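In order, the protein sequence lines correspond to chains A and B.
Residues in the first sequence are numbered consecutively from 0, following numbering that gives the first Met the number 0.
Residues in the second sequence are numbered consecutively from 0, following numbering that gives the first Met the number 0.
In short, the hints are calculated from the structure, not lab data.
Hints may be right or wrong, so weigh each one.
Simulated pairs of lysine-lysine, BS3-like, Cα-Cα distance not exceeding 25 Å [as the list claims (entries may be wrong)]:
| # | chain 1 | residue 1 | chain 2 | residue 2 |
| --- | --- | --- | --- | --- |
| 1 | B | K225 | A | K93 |
| 2 | A | K111 | A | K93 |
| 3 | B | K225 | B | K16 |
| 4 | A | K214 | B | K225 |
| 5 | B | K151 | B | K115 |
| 6 | B | K115 | B | K16 |
The structure presented is a predicted model; accordingly, all values stated were derived computationally and were not measured.
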Amino acid sequence: MSDPLDALEKSIGTLRRAIRDAAAAGNTERAGELRMQLRRAERAWDALLDTDEPVATTPRPVPEAAPAALGSQLPAREHVHRALMLLRAPAAPKLIVGVHEAFFPGELSASKLSSLRRDEERSYRSSPGARPYYLCPALSHDLLTPVRALISISTWTLEQRVIGPLSPRGDFLTSAIGIAEAVRTATESATDGPSPEALRLLWRFAVSIPDALPKNASGHESALDAQQVIDAALAELEVHTDADRATRVAAARRARKSLGDDEQLFGAPLRGVTHLRSARA
Amino acid sequence: MRKPVDDRLTALRGSAKRLDYSARSLAALENNPRCTLRALLDASGSDKVAIATHAGHPPSFGQSSFAITRGNAFEAMVKDNGCAELLRVLRETLELTLPEVGYEDLNDAGGDGRSKERHERTEEVLLRAARGEGDGTLFDHPMLRLQIGGHKAYLEPDLVAFRIDGRFHVVEIKSFPIIDEQAAPSQVRAATTQACAYIIALRDLLGRAGIGEETVSDTIVLVAPKDFTNRPTGAFVDARKQVAALTRQLSRIERIGDLVDLLPEDLTFDLAPDAEDRPRRPAEELTEALDQVLATYRPDCLTHCEMAFYCRSRARAEASLDVLGPAVREQFGGIDTTTMVMGLARGELAPSEDQVEMAAALRHAARLRAELEDLGGAA
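Chain A extracted, bound-state conformation:
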C-alpha cells in the first residue's frame, strides 16, 4: 500500500520544485496552476493515508481483515487509483485490471471501470473539487479531446495526462518500470514473493522491450530479472523521452490557455453530432 503513497510524495516534491521554478521565473499564472495541482495531490495523499487505516473507512462493519486482504473492501475507484499509481501513466482498463489482479486483493472488473468513468465526471460536475482526486481520461495532444479508453488521475500534471504520438510507447516503458519495481519489492519483502500473475504481467511487458530478457531465457517467467527490465526500459525511454516531452509540454501549455478547469480534466468538447448527443444524454 506504500507504493501509491511513495509515488504521490514524489509527485508532490516535483510539483513543489516546479512551483519554485515558476515563481523564480516570474510566471505567476503557471505557479497558480501548479499550486492547484499541488493541493489536489496533497488531498489525494491525505485520502490514501486514511484508507490505509483498516476498517475505519469500510462502509460495512466487517471482521478485522487479514493483512493480505488489506484494502480489498475499497471502492472500485480506489482500486483503479492504486493500480494507476503503480503504473505511473495513463492506462487502458484491461491493463488496470491486470495490474490489480497481479498486485492487489479484491475484485475489479473491466465492466465496472466503464461505469466508473461516467460516475467520476458526473460527480465532478455536480460538486467540483469535492473529492481528493478524480479518474479522468487522458487527453489527445492535438485536439485535446479525451483519448479512447485511457484512464488517468486528476492529480497528475497535464504533461503526464496528454498523449502525443510517442507517449503510448513512453508510458508503456514507464509502466514497465513501475511493474518491475513492484515485482522487485515483492521479491525482497513478501514472504511468498511476487504472485504468478505479477511475473506473467512483467514478462508480457519485458518481451517487447529490447534486451529486457536474460540472454539464455527459455521463455520462462521465473528467469526474469526485474532490475534488467528496469535498465532496458530506461535505455529505450532515453531514446524517446525528449521528443515526447516536448510534444506533451507544448500541448499542456495549449490546454491551460484554451481549456477551462473541467475541460482540462475531462477533455475539450467533442465536435459534431457525437458531442450533441452526449450533451443531451
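Following the hints, complete the assembly by docking chain B onto the known chain A.
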C-alpha cells in the same frame, strides 16, 4: 436513346437501399473478374444476400461469429499497450528502428466516429506524415476512401499503415497461424487482396495531394500468430500482381456502362418488398431476370460470393464445365458443357473443325477407360 448509366443501375437495384462497396466486395472483383452478374450487382449496390435468398439459394456461409471474435481478440492483443507486441514484431522482422514508435489512433476523430470525419482526420494526419512532419509511425485504423463508379466507398484497414524507410506499408493483422513460416495460401491470398484495396485507396489519398504512388509500398506486412502459439510474427507479402489486377478491375467498373448497354431496358433485380421487407416479386420472375445476365461460376466463388449457390445450380443445370473448376475447364478449350464432352468421347457427336484434336484426345481417353474397366471386370 439510352438512359444514363446511373439511372440504369438504380433501376437494376430497384427500390432497395444502395449498398456501398466494401473491402470484401472489392476483393471479390479481383477473385472472379469475368463475372458479369457479380459486377452488375455490386455496381448497382444490390443486396446480394436478399436476392440469392429469394431466388431459392440462400448463402449458407458468412463469417462465423467465433472467427470474428477470435480475429478481434488477436488484433486487440497485438495492439495492446501502445502496440507493444506489434512493435516487437516489426523490430524483429522488419528492422524498424528504436525511435520509430509514434502511434496515432484514428479510430475516431476527437470522439467522432463517423466515416466522413474520420476520413478527413486520416487525410490530415497521413499527409502530415508523408511530408515528414510529426512523429507518426503507426496509424491505427485509418479511414480511407475510394471513388468507385461515381460512388464513395469507405475502406478501413483493420490494421495499421506505417512508415519504414520513408514508405507507407499496409499492415494486415490476421488470426490464421503462420506455421514454420508457411500460412494457408488461400487465407494469405484473401488477406492480400483485401490489403490491395487499401494500397490503392492510400495511393489515391496521397496522389490527390501530389505525392507519388511509390510512397506506398506494394508489399504488405502480414502479422499473424506464430506456429501454434498466440504470439504474433510478421512477414512480407508481395502484392504487386494483385494490386495491378484490382486496379484494372476498378477501371473496368468505370466502364460498367458497356455492360449495362448489353442488357434489356426493363431488366431489374428489384424484389419489390412490402412494408415489412418481405419480397413480393415472384421468385420465378427474379430468376428469369438473373438468367439474362452472364454469370461465370467457379468453385471458389463459394468462399466469397453470396450468389455462388445460385450460380452453381445454374451451371449444373446447364451441364457447364464451370462446375469442375478452372483446371478442368482449361483442358477443354472451346468446349463448354459436359454433355458435349461425353458426346465427343463416345463419338456420338461430330466434332467441328477446331474440336477435332480435342475429340481425338477424348476418344483415346474413353478407350483407355474402357480397357481399364474390362481389366477390372476380369480380375
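Hints, one by one, checked against the model:
no.	hint	result
1	B/K225 with A/K93	24 Å, holds
2	A/K111 with A/K93	11 Å, holds
3	B/K225 with B/K16	42 Å, violated
4	A/K214 with B/K225	21 Å, holds
5	B/K151 with B/K115	10 Å, holds
6	B/K115 with B/K16	19 Å, holds
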